[in-house]
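K.L.:
This is what each chain is made of:
There are 4 protein chains.
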Amino acid sequence: MTKHTTEEPHATYSKSRVEALSDGIFAIVLTLLVLELKVPQLPESQVHSSSALAHMLIEAFPKFASWVVSYLVLAIIWQNHHRLLDVFRHVTKPLFWANALLLMGASFIPFPTALWGEYPNNPLAVSLYGVTMIVVTLFFLIIRMVAHRDPGLLKPEYDFATFKRGTAQVTIFGCGVYLLGAIVSWWSPLAATLVYIAISIHFFLPGTGR
Amino acid sequence: MTKHTTEEPHATYSKSRVEALSDGIFAIVLTLLVLELKVPQLPESQVHSSSALAHMLIEAFPKFASWVVSYLVLAIIWQNHHRLLDVFRHVTKPLFWANALLLMGASFIPFPTALWGEYPNNPLAVSLYGVTMIVVTLFFLIIRMVAHRDPGLLKPEYDFATFKRGTAQVTIFGCGVYLLGAIVSWWSPLAATLVYIAISIHFFLPGTGR
Amino acid sequence: MTKHTTEEPHATYSKSRVEALSDGIFAIVLTLLVLELKVPQLPESQVHSSSALAHMLIEAFPKFASWVVSYLVLAIIWQNHHRLLDVFRHVTKPLFWANALLLMGASFIPFPTALWGEYPNNPLAVSLYGVTMIVVTLFFLIIRMVAHRDPGLLKPEYDFATFKRGTAQVTIFGCGVYLLGAIVSWWSPLAATLVYIAISIHFFLPGTGR
Amino acid sequence: MTKHTTEEPHATYSKSRVEALSDGIFAIVLTLLVLELKVPQLPESQVHSSSALAHMLIEAFPKFASWVVSYLVLAIIWQNHHRLLDVFRHVTKPLFWANALLLMGASFIPFPTALWGEYPNNPLAVSLYGVTMIVVTLFFLIIRMVAHRDPGLLKPEYDFATFKRGTAQVTIFGCGVYLLGAIVSWWSPLAATLVYIAISIHFFLPGTGR
Numbered sequence: 000m001t002k003h004t005t006e007e008p009h010a011t012y013s014k015s016r017v018e019a020l021s022d023g024i025f026a027i028v029l030t031l032l033v034l035e036l037k038v039p040q041l042p043e044s045q046v047h048s049s050s051a052l053a054h055m056l057i058e059a060f061p062k063f064a065s066w067v068v069s070y071l072v073l074a075i076i077w078q079n080h081h082r083l084l085d086v087f088r089h090v091t092k093p094l095f096w097a098n099a100l101l102l103m104g105a106s107f108i109p110f111p112t113a114l115w116g117e118y119p120n121n122p123l124a125v126s127l128y129g130v131t132m133i134v135v136t137l138f139f140l141i142i143r144m145v146a147h148r149d150p151g152l153l154k155p156e157y158d159f160a161t162f163k164r165g166t167a168q169v170t171i172f173g174c175g176v177y178l179l180g181a182i183v184s185w186w187s188p189l190a191a192t193l194v195y196i197a198i199s200i201h202f203f204l205p206g207t208g209r
Numbered sequence: 000m001t002k003h004t005t006e007e008p009h010a011t012y013s014k015s016r017v018e019a020l021s022d023g024i025f026a027i028v029l030t031l032l033v034l035e036l037k038v039p040q041l042p043e044s045q046v047h048s049s050s051a052l053a054h055m056l057i058e059a060f061p062k063f064a065s066w067v068v069s070y071l072v073l074a075i076i077w078q079n080h081h082r083l084l085d086v087f088r089h090v091t092k093p094l095f096w097a098n099a100l101l102l103m104g105a106s107f108i109p110f111p112t113a114l115w116g117e118y119p120n121n122p123l124a125v126s127l128y129g130v131t132m133i134v135v136t137l138f139f140l141i142i143r144m145v146a147h148r149d150p151g152l153l154k155p156e157y158d159f160a161t162f163k164r165g166t167a168q169v170t171i172f173g174c175g176v177y178l179l180g181a182i183v184s185w186w187s188p189l190a191a192t193l194v195y196i197a198i199s200i201h202f203f204l205p206g207t208g209r
Numbered sequence: 000m001t002k003h004t005t006e007e008p009h010a011t012y013s014k015s016r017v018e019a020l021s022d023g024i025f026a027i028v029l030t031l032l033v034l035e036l037k038v039p040q041l042p043e044s045q046v047h048s049s050s051a052l053a054h055m056l057i058e059a060f061p062k063f064a065s066w067v068v069s070y071l072v073l074a075i076i077w078q079n080h081h082r083l084l085d086v087f088r089h090v091t092k093p094l095f096w097a098n099a100l101l102l103m104g105a106s107f108i109p110f111p112t113a114l115w116g117e118y119p120n121n122p123l124a125v126s127l128y129g130v131t132m133i134v135v136t137l138f139f140l141i142i143r144m145v146a147h148r149d150p151g152l153l154k155p156e157y158d159f160a161t162f163k164r165g166t167a168q169v170t171i172f173g174c175g176v177y178l179l180g181a182i183v184s185w186w187s188p189l190a191a192t193l194v195y196i197a198i199s200i201h202f203f204l205p206g207t208g209r
Numbered sequence: 000m001t002k003h004t005t006e007e008p009h010a011t012y013s014k015s016r017v018e019a020l021s022d023g024i025f026a027i028v029l030t031l032l033v034l035e036l037k038v039p040q041l042p043e044s045q046v047h048s049s050s051a052l053a054h055m056l057i058e059a060f061p062k063f064a065s066w067v068v069s070y071l072v073l074a075i076i077w078q079n080h081h082r083l084l085d086v087f088r089h090v091t092k093p094l095f096w097a098n099a100l101l102l103m104g105a106s107f108i109p110f111p112t113a114l115w116g117e118y119p120n121n122p123l124a125v126s127l128y129g130v131t132m133i134v135v136t137l138f139f140l141i142i143r144m145v146a147h148r149d150p151g152l153l154k155p156e157y158d159f160a161t162f163k164r165g166t167a168q169v170t171i172f173g174c175g176v177y178l179l180g181a182i183v184s185w186w187s188p189l190a191a192t193l194v195y196i197a198i199s200i201h202f203f204l205p206g207t208g209r
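Protein chains in written order, with numbering that gives the first Met the number 0: chain L, 0 to 209; chain Z, 0 to 209; chain V, 0 to 209; chain W, 0 to 209.
Any given hint could turn out to be false.
Since the list gives no way to pick out one identical chain from another, each pair is judged satisfied if it fits inside one copy or across any two copies.
Only pairs whose alpha carbons sit at most 20 Å apart, straight line, appear in this in silico EDC-like list of lysine to aspartate or glutamate [as the list claims (entries may be wrong)]:
id : residue 1 : residue 2
1  : K154      : E58
2  : K62       : E43
3  : K14       : E58
4  : K14       : E43
5  : K62       : D149
6  : K14       : D85
7  : K37       : E117
8  : K92       : D149
9  : K92       : E117
10 : K163      : E58
11 : K92       : E58
12 : K62       : E156
13 : K37       : D158
14 : K37       : D85
15 : K37       : E156
16 : K154      : E43
17 : K163      : E43
18 : K163      : D85
19 : K154      : E117
20 : K62       : D158
21 : K14       : E117
Hint data in this document are derived by calculation from the structure and do not stem from the laboratory.
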């Protein structure tokens, strides 16, 4: 028995409104990241000093680096999200909620990014960044499981067997590389940082998949 | 006498622009919630300490919990809003303003969420969260009243009698459960928190209406 | 001589992208207003005290009031903007820039709102709110002047003479009421506040134009 | 070998979703700029004093000036972005990433704007604003290079030779004027400020290209 929706003849959502909501959230998260870059506070006697300002900006270098990495990672997520949603004919209730979870994961990213930028040598801070990315990868998996359970949701031009193989590849690869970073950071936060940067460059370079 | 609008032949609004404004506001509110999650300030001597950071993150647990609950609640509100607007043929002035009130209620949610996350054991703070949700439910009621007073606004595929029954159900249920939380919090803020969490899980689970 | 645009055969802009940019800005400004509502800081010994929290929330009442008024004012501005843009066939360079100025005015509103909410008894703070609204009204006038100078931009269903009469009415009324508030605040900030509230109620009530 | 995308028959992106993401980011950046305008903190004894408030607002003049200039610069960038994207038939992977870089540059602008507004007499702060704009101009160049390498991406109504000439003009002009500002600021931050203001007025005036 459906309780509150008896007035509704359609069970599905407007795909374009779900995409608009998703694009809006991605746009905001991409832009909010820059709010973590705070203007350094120079003492009154040094407000005209370029070298004092340069010194403070260089000290803030980890924040700039974490901003660039997170921006690129979010652009990759947007791209993957765009491709994945394109596969579906329409948006059902399970797909809506799986998508809402993914957007929750994406909108959380500014927090571990800020943590990483603030404490670049703290193993837990750097590790949590990788853990967040693993969770985001699992939320992508949940969206894909919606299609696995209801293959009729796929547009006819997509092949179900190929889609299922893609699910395994994306999930294993995404969880694997970020798990590597999350573990390595307990030995060396710097090495984990290099892993995260390598991952973004991997996706960013022309011709390297996804 | 219409004063400033004599140049306007159409009395109605572009439904797609009203939806775009609504989706934009929901996207922003969903994303702004994360701004309440502040990076903890470790003393200079402990910036490399994972246990000091873990301790502060665990202490901030109520903020993370209130973020998750509010995110899910807002996704439910978006979903209900999406379904409700779908019922209308076009947007009239009363519908525009009823919708603007609902969006005002939705955009207010980050404030009681922050209050609840900051003071999870304060009866007033926890109670105000429920009160806000009751107000949002009443703003939904106002949108529905627009259709009650002008049934011609409903698309032909929707049945007016069913729609009216839906209004009663949604309003009584929504006000009831949040009123319960708002009252219970004066005895036990923790119990009220569990009520709020139960409400989001109720809507979140597949097959449970709305 | 056109310098950098020789590759462009069309002189006009995509009206739907200009509307999307405008709706995005309105959605963000409407939502950012709530960021001014800060969670009050209770002393450690009173975090469980409902009466201490109630006291601080009541003290913050002017902030809540200024938030509600500014939200309603921005919804009115969105509505007027929506109606005005509907009049134009397409977006030319002068219209793009006139619209950009209006959006600049709208995106400025959180600042005088915060000023008014912080210093509700300071004549200058309350007066600046009215001055901002006068500037916004004048930016609306600039958009209308674009059509006055190029009546061919109006859609055929709009009558130019009626449109011009509308320009005079809207400008005189909008500047008049806010000028009244801006002046009165030098005698009594509270009286000016009532003027601002009366203006929003005027537009909000069904049947009162605009 | 394409790794994770074997399920995807189309190599291109939905141009309308890429535009929606871009418009969302521009809308948010344009609006976030105003968050740098903080309400001045008056001492408790002067909250009713208009002259104390006026004094603090006048002191904050550089912040208001940098806000206006950055708002206009971002509107110019949106306009150029709109015109440039219009040239392309569809969005390929290289175009998506070139566009993502440009949006990263645009979303960074609030930071140098805040730096400039906070330290208007600091040569490095004022110079960095110009450097940021040079980087944004180079990101525009990267988008154009995508079309240079794959002229088939241009819509048939655009002439490739004219487009290439436009690339040279836009890049040389944009880099040139902002390089001038970035260099001049080491002698006189005020003179550099006037250069930046002149650039925005140049684009803003009707009939002056771009």
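K.L.:
Now look at each hint and say whether the structure bears it out.
P.N.:
Status of each hint after checking the structure:
In the homo-oligomer, the alpha carbons of K154 and E58 never lie at most 20 Å apart, since the shortest distance is 51 Å inside one protomer and 47 Å across protomers. Proximity of K62 and E43 under a CA criterion of 20 Å is satisfied inter-copy only: 17 Å between copies versus 24 Å inside one chain copy. Neither within a single protomer nor between protomers do K14 and E58 lie at most 20 Å apart by alpha-carbon distance, with minima of 45 Å and 40 Å respectively. In the homo-oligomer, the alpha carbons of K14 and E43 never lie at most 20 Å apart, since the shortest distance is 54 Å inside one protomer and 48 Å across protomers.
Proximity of K62 and D149 under a CA criterion of 20 Å is satisfied in neither setting, with 43 Å inside one chain copy and 36 Å between copies. Both within a single protomer and between protomers do K14 and D85 lie at most 20 Å apart by alpha-carbon distance, with minima of 10 Å and 13 Å respectively. In this homomeric assembly, K37 and E117 come within 20 Å of each other (Cα to Cα) both inside a single copy, at 11 Å, and across copies, at 11 Å. Taking identical chains as interchangeable, the C-alpha atoms of K92 and D149 lie at most 20 Å apart only when both belong to the same chain, with a minimum of 12 Å there against 30 Å between chains.
When the C-alpha separation of K92 and E117 is checked against a cutoff of 20 Å, the pair qualifies neither within a copy, at 39 Å, nor between copies, at 33 Å. For the homomeric pair K163 and E58, neither the shortest alpha-carbon distance inside one copy (46 Å) nor that between copies (41 Å) is at most 20 Å. In this assembly of identical chains, K92 and E58 lie within 20 Å of each other by CA distance neither inside one copy nor across copies; the values are 47 Å within and 35 Å between. Neither within a single protomer nor between protomers do K62 and E156 lie at most 20 Å apart by alpha-carbon distance, with minima of 44 Å and 45 Å respectively.
Proximity of K37 and D158 under a CA criterion of 20 Å is satisfied in neither setting, with 48 Å inside one chain copy and 44 Å between copies. Taking the shortest alpha-carbon separations for K37 and D85, neither the intra-copy value of 38 Å nor the inter-copy value of 35 Å comes in at or below 20 Å. Neither within a single protomer nor between protomers do K37 and E156 lie at most 20 Å apart by alpha-carbon distance, with minima of 48 Å and 45 Å respectively. Within a single copy, K154 and E43 get their C-alpha atoms no closer than 63 Å, and across copies no closer than 55 Å, so neither meets the 20 Å cut-off.
Taking identical chains as interchangeable, the C-alpha atoms of K163 and E43 are never at most 20 Å apart, the minima being 61 Å within one chain and 49 Å between chains. For a Cα distance limit of 20 Å, the shortest separation of K163 from D85 inside one copy, 15 Å, qualifies, whereas the shortest one across copies, 34 Å, does not. In this assembly of identical chains, the alpha carbons of K154 and E117 never lie at most 20 Å apart, being 44 Å within a copy and 46 Å across copies at closest. Taking identical chains as interchangeable, the C-alpha atoms of K62 and D158 are never at most 20 Å apart, the minima being 43 Å within one chain and 43 Å between chains.
Taking CA atoms no more than 20 Å apart as the test, K14 paired with E117 passes in neither setting, with 39 Å inside one copy and 37 Å between copies.
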